[in-house]
Amino acid sequence: MSDMSEALARFGVYLRIAWRNLWRNRRRTAVILTAIVLGVWSMILLGALMRGLAEEMVENGIRTLTGHVQIHAERYRSDPVAAHPIRDPEAVTATIREVLGPGARWVSRVRVPVVVDTARKTGGATLVGIDVEREPELSFIGPDAIVDGRFLEPGEAGAVVVGRALLDEMETELGHKLVLLAQDAHDASVSRAFRIVGVYRAELEATEKQYLFVSKEAADGWLALDGAVSEIAVELADHRQAEGAARKLRAALVADGVGGEDGQPFQVASWRELLPVQRAVLDIFEGFVQLWYVVVFIAMGFGVVNTILMAIFERVRELGLLRALGMRPGAIVVEVLMEAVMMLLIGAAAGNLLGWASVAALAVHGIDLSAMAAGMELAGLSRVVYPVVTRSDLLLANGVVLILGVVVSLYPAVKASRFTPVEAMRQG
Amino acid sequence: MSIELRMAWRNVWRNPRRTWLTVAAIAFACLVLVFMLSFQLGSYASMIDSSVKIEAGHLQVQAEGYQDDREMRQVVRDPAAVERALSGIPEIEAFTRRASAFAVVSSEDRTYGALVIGVDPVHEPEVSSLESLVREGSFLSSTGSSSGTGGDGALVGELLARNLQVGLGDELTVIGQGRDGSVAATVLVVRGIFSSGIDDFDRSAVHMPLATFQEVFAMGDAVHEVVAVGRDLWDVPEIVRRLRGALAGISQTPPLVVLDWNELMPGLLQSIQVDLVSGLIFYVALILVVAFSILNTFLMAFLERTRELGVMMAIGTTPGRLGRLLLLESLFLTGVGIAVGIALGCAVTLYFQVHGIDVSGANELLARFGISGRMYPRLSVLSALVGPLLVLVVTGAAALYPALKIRRLRPVEALTHV
Chain A
1406 MSDMSEALAR FGVYLRIAWR NLWRNRRRTA VILTAIVLGV WSMILLGALM RGLAEEMVEN
1466 GIRTLTGHVQ IHAERYRSDP VAAHPIRDPE AVTATIREVL GPGARWVSRV RVPVVVDTAR
1526 KTGGATLVGI DVEREPELSF IGPDAIVDGR FLEPGEAGAV VVGRALLDEM ETELGHKLVL
1586 LAQDAHDASV SRAFRIVGVY RAELEATEKQ YLFVSKEAAD GWLALDGAVS EIAVELADHR
1646 QAEGAARKLR AALVADGVGG EDGQPFQVAS WRELLPVQRA VLDIFEGFVQ LWYVVVFIAM
1706 GFGVVNTILM AIFERVRELG LLRALGMRPG AIVVEVLMEA VMMLLIGAAA GNLLGWASVA
1766 ALAVHGIDLS AMAAGMELAG LSRVVYPVVT RSDLLLANGV VLILGVVVSL YPAVKASRFT
1826 PVEAMRQG
Chain B
2 MSIELRMAWR NVWRNPRRTW LTVAAIAFAC LVLVFMLSFQ LGSYASMIDS SVKIEAGHLQ
62 VQAEGYQDDR EMRQVVRDPA AVERALSGIP EIEAFTRRAS AFAVVSSEDR TYGALVIGVD
122 PVHEPEVSSL ESLVREGSFL SSTGSSSGTG GDGALVGELL ARNLQVGLGD ELTVIGQGRD
182 GSVAATVLVV RGIFSSGIDD FDRSAVHMPL ATFQEVFAMG DAVHEVVAVG RDLWDVPEIV
242 RRLRGALAGI SQTPPLVVLD WNELMPGLLQ SIQVDLVSGL IFYVALILVV AFSILNTFLM
302 AFLERTRELG VMMAIGTTPG RLGRLLLLES LFLTGVGIAV GIALGCAVTL YFQVHGIDVS
362 GANELLARFG ISGRMYPRLS VLSALVGPLL VLVVTGAAAL YPALKIRRLR PVEALTHV
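Going down the list, the protein sequences come from chains A and B.
Residue numbers for the first sequence follow the working numbering, beginning at 1406 and rising by one.
Residue numbers for the second sequence follow the working numbering, beginning at 2 and rising by one.
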């Protein structure tokens, strides 16, 4: 017990000594603190911006009719037509409810390629039959995305909602009709006129050009699907859970014997498989952020080591005296390391605070890059960027600074413990 | 060598450990900057190069409005005249003609909408990389149907072929609208399947011989685009200027326009700008961190030697001269760091310029810009010097601080300084 309190008391003394040593040369400490604060701040802020860019892109992809996990009939992915549907969606949704619990949300869709014909133009697009009431909860499409006209009514037939870019490209307008040509569930060619009741806008122009929306009931009747759907999209609490959920669903669907078309199993895919570009961006950005942390650390690490070295070389006499008075080398190492840790802690704390404040300030309105819309579109990025701070990024940034900081400070600390009294006296 | 230079140089090496640590910090920053900038510039070059080669070319001559509307009737009526104008420009390397129309393409079981493009089998390979993108079968032959059984050849994008469920030798029915509004229909035989890595292109394009296209779609001699590539990307503005002059003599309605690669692929230049600017933000942050991290070394040169500087002042050295001395010391320090940094940066960059960098998992992303496989940084005078120059400017500013402080030094106080 007394050993313990003695150790604590000694620790307290070191702490006080280290604290006082730190402020012996205020200017020098202030300069290196500035370097650390700037470093940590740039790690957090720039990391948050990169993360924000990537997350926004992933969320966009997920909300553009992907979801976190998608279930298709075996042959649909390689041949996405009405002839390869999920014939019994109820059986699949029962399994989803059973595996993921009542909290999981899903929506089913009909999705087929169509040829679009207006009076003046012909083009290719994708027709999506949606659950008018539930789709807006999971996807970007819904009453909020409509910029002209109105959204679809449940069960409505003969009405279509198109993207602004498609409308312009096809040189047609709200209220006009367009003719859709497709192949139905029996591979028969069918065509039908739909009236444009609404026009939507999406984050990316490519989305506006690709998708036309009708009610699921309309698609079902027209394509003779008889209740079958093309896909079931599942939404989870976080996109990071997608792989695990997909694995569980895959296993459960096999175990439940819920067969797809012709007894083939279903294809269960997470967004990481469905959106390879977004996944690549996320992975590259992640790698880049980590690399950035290390690069910034190295840049300030040299300064930290140099500053502590200066501090101890100024105190050679004093350190020698301490040794002469019987202080053990280990204790000197600890004392110098404490100085380093205090410096790093103060710098990191201020840097975090500054980082948090600037992220919060930027998060209010985001950074508007609309002026570069075409460039952002090509890179698949959105027009407004919001910084995103994750706990793992924060931990990593601070961990790199503190842990590597202590590691590099070992060099001056050990150096300080090696001054022999005699040498020290002579040098002074 | 003046005495000041000699003194400064010796002072720099009074404390070799400190000097090397400082030099290392500067060199590290320079290394990172040289490599990253070379990497960025290299990837832009391949982005532009590949994008240009896949389809757009360096420039195109079209009828006004065609780029936006893609109307069948917006044609270049007399492509031969345009080509004569192009032949007169020495910087032009090659050119070809194209026409395109949206059509409904059907195989035995499937129907998809696709962009049917008529290309010149002889000249197309000189302009675009289409021929090298053919993964299965062969490129279109100039002799048309004589080489095989019935129907003209077609090149189909890999994803479209998969969607249509067709392979080599299978027939495709193409139905569209001719330039005069008539129904255009023909049967093509799949001769080749191409893959550019750009999904949109691979999912939507069918190529056929231009002569057949013109016949089927009632185009006569007209085309939609005359596509040209210059010897060098940098020649493009000059070519465009001269071509506009040469085309002034050809009158047609709608009039002809010349579009360069930036107008043909809007977004490419912008995405480069976005990348360059965001890179710059990172570089500035890095340089600032380094500047503060080495500022203490500059400061120490002053604080440690207060007494000595006081003595020098007492024996008549002017503060201006002492300030110059300190500035010179800082410059030497920075100079050595920058020199080492540039040397190492160039070495690392050159290594990867030869061996390439495998950006794992990036293939899908790169494919979007038409780059496949490894990435190669490209070292240039610009990329080797811009970063280090920034470092020099910022550390130079940091070095001013102690040099200015010395003006306020009083010899008496300095001498009493411990």
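Among the hints, erroneous ones may be present.
[Stated by the list, open to error] Anything over 12 Å on all C-beta distances counts as not near chain B; from chain A, calculated:
| id | residue |
| --- | --- |
| 1 | Ser1410 |
| 2 | Gly1529 |
| 3 | Arg1555 |
| 4 | Lys1614 |
| 5 | Ala1716 |
| 6 | Leu1801 |
| 7 | Arg1831 |
[As the list claims (entries may be wrong)] Example chain A residues on the side facing chain B (calculated, C-beta under 7 Å, incomplete):
| id | residue |
| --- | --- |
| 8 | Val1520 |
| 9 | Asn1711 |
| 10 | Thr1712 |
| 11 | Ile1808 |
Read the hints as simulated data drawn from the structure, not as lab findings.
We put the beta carbon where it would ideally sit given N, CA and C, even for glycine.
Comparing the hints with the structure gives:
With a closest Cβ-Cβ approach of about 39 Å to chain B, serine 1410 of chain A is found to remain outside the 12 Å limit, as its non-interface label requires. Listed as outside the interface, glycine 1529 of chain A is inconsistent with that label: its C-beta sits roughly 3 Å from the nearest C-beta of chain B, within the 12 Å cut-off. Interface exclusion of arginine 1555 of chain A from chain B stands, the closest Cβ pair being 27 Å apart, more than 12 Å. Interface exclusion of lysine 1614 of chain A from chain B breaks down, the closest Cβ pair being 10 Å apart, not more than 12 Å.
Against the 12 Å criterion, alanine 1716 of chain A falls within the reach of chain B, whose nearest CB is about 10 Å from its own CB. Distance check for leucine 1801 of chain A against chain B: the nearest CB is about 17 Å away, which clears 12 Å, and the non-interface claim stands. Annotated as non-interface, arginine 1831 of chain A keeps its C-beta farther than 12 Å from every C-beta of chain B; the closest such distance is 18 Å. Interface hint at valine 1520 of chain A: satisfied, since its Cβ lies 4 Å from the closest Cβ of chain B, which is below the 7 Å cut-off.
Using the Cβ-Cβ criterion of 7 Å, the hint placing asparagine 1711 of chain A at the interface with chain B is satisfied: the shortest such distance is roughly 5 Å. The restraint placing threonine 1712 of chain A at the interface with chain B holds, with a minimum CB-CB distance near 5 Å, inside the 7 Å limit. Taking 7 Å as the C-beta cut-off, the interface hint given for isoleucine 1808 of chain A is violated, the closest approach to chain B being about 18 Å.
In summary, the numbered hints that this structure violates are 2, 4, 5 and 11.
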